[in-house]
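Asker: Model the full structure from these sequences, guided by the hints.
Numbering of the sequence shown is given in my numbering, commencing with residue 1 and proceeding in unit increments.
None of these hints come from the bench; they were simulated from the model. Some clues are possibly wrong.
[Claimed, not checked] The calculated label-pair distances, taken between Cβ atoms and stated as ranges, are:
id	residue 1	residue 2	range
1	Ala330	Ala270	19 to 29 Å
2	Arg240	Gly260	11 to 21 Å
3	Asp235	Leu179	11 to 21 Å
4	Pro232	Ser26	53 to 63 Å
5	Arg204	Gln158	41 to 51 Å
6	Thr103	Ser63	22 to 32 Å
7	Asp243	Arg25	36 to 46 Å
8	Ser65	Arg207	27 to 37 Å
9	His338	Arg160	55 to 65 Å
10	Gly347	Ala270	23 to 33 Å
From the three backbone atoms N, C-alpha and C, an ideal C-beta is built for every residue, glycine too.
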Amino acid sequence: MSGPEMISTFGPPSAWTEQSPERSRSWTILVVDDDEEVHSTTRFMLRSEMIYGRKLELLHARSTSEALRILENHAEIAVALIDVVMETDDAGLQLVRGIRARTALESVRLIIRTGQPGLAPEADIVSQYDINDYRTKTELSQTRLMTSLTVAIRSYIQIRKFIRVNQELEESRRRMEQLAVTDGLTALVNRRYFDEQLIVEWARARRTRSTLALMMADVDHFKDYNDTYGHPAGDVCLRRIADCLQSVLHRAGDVVARYGGEEFAVILPATDYFGAGALATQMRDAVLALKIPHSASPVASVVTISIGVAAAEPTAHDPNFPEDSGEDLAELLMYADHALYQAKRSGRNRIILHESG
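Answerer: Spelled out as structure tokens, the structure:
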């Protein structure tokens, strides 16, 4: 049976459309056999065939190790035609096990061919190894081989579509999760993420006996800024400050969040209050360097921030009471907030450090 007749017999799967740019490419078929005559015969039988409007490109392997190398280096092999008896009586089955053990090869469809069917009963092979077909080599005439390949490629298309849809769903889920913890104005993480991450880092600091530092920062006279320049300008100001604060942090575990309104919060794992104070100074100076005009500020002619800093090393808990009551963490937040209050009361555009416990 010729290629066009085969297409007509089975018809393209619904996922395959005439408009698809994929139609101009070839289906890649891997032939795995230690008999050179099998490779030659397969090439001859498939030399001018087409399936779903695409030609067939053959790759050749003479051993299971060579087959695995080819499979790992060619991401779009649709079908592998595998001989059972090669280096050993079950070499082909070992290859099938190797393929199915690799997630990256899950879409490859498998057709088992053997010249010694008694060594591998068909029923056992089909039930155990997720293959598409099992045939003796004498059964696989050109027509039957094309039939098996067409069915296998249809399965390959469906699996690839399923994988693609799952990937898109997973990406959509990740985007939704990211949106749920991202502040829409500044693109920093939001208060929800901050609260959750602070608990995580507090627990980590307790396990590692390290110090956790916390900053609370507030834009000075921001209401006056909005009244003078308007809320759209205020939004731009907050975005620029958010980017500025983020640019000062270079460690993966450091977190700067929009805490609410014109207030920001920073988590600094494994940082004492001296180190946090140095970073706070960099942040304040970086915001000053932006030189955002603020004619209504009695502090300076540009936008400034005030920062409160606190740090603590969580104490180990009594093993009889392993659960953290959260009181120490609440105190750390209170100390940082109190330090910010003191910074604003003492003139703004400054940093106050408070070391707890």
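Asker: Please go over all the hints and tell whether each is borne out by the structure.
Answerer: Evaluated hints:
A C-beta distance of roughly 21 Å is found between Ala330 and Ala270, which places it inside the suggested range of 19 to 29 Å. Restraint check, Arg240 to Gly260: a C-beta distance of roughly 18 Å satisfies the suggested window 11 to 21 Å. Hint check: Asp235 to Leu179, Cβ distance near 18 Å, so the stated range 11 to 21 Å holds. At roughly 55 Å, the beta-carbon separation of Pro232 and Ser26 lies within the given 53 to 63 Å, and the hint holds.
For the hinted restraint 41 to 51 Å between Arg204 and Gln158, the CB-CB distance of approximately 45 Å keeps it satisfied. With their beta carbons about 23 Å apart, Thr103 and Ser63 fall inside the hinted range of 22 to 32 Å. Taking 36 to 46 Å as the suggested C-beta distance range, the pair Asp243 and Arg25 conforms, at roughly 44 Å. Judged by the Cβ atoms, the range 27 to 37 Å given for Ser65 and Arg207 is violated: they are separated by roughly 45 Å.
The hinted window of 55 to 65 Å between His338 and Arg160 holds, with their beta carbons roughly 59 Å apart. At about 31 Å, the CB distance of Gly347 to Ala270 agrees with the hint of 23 to 33 Å.
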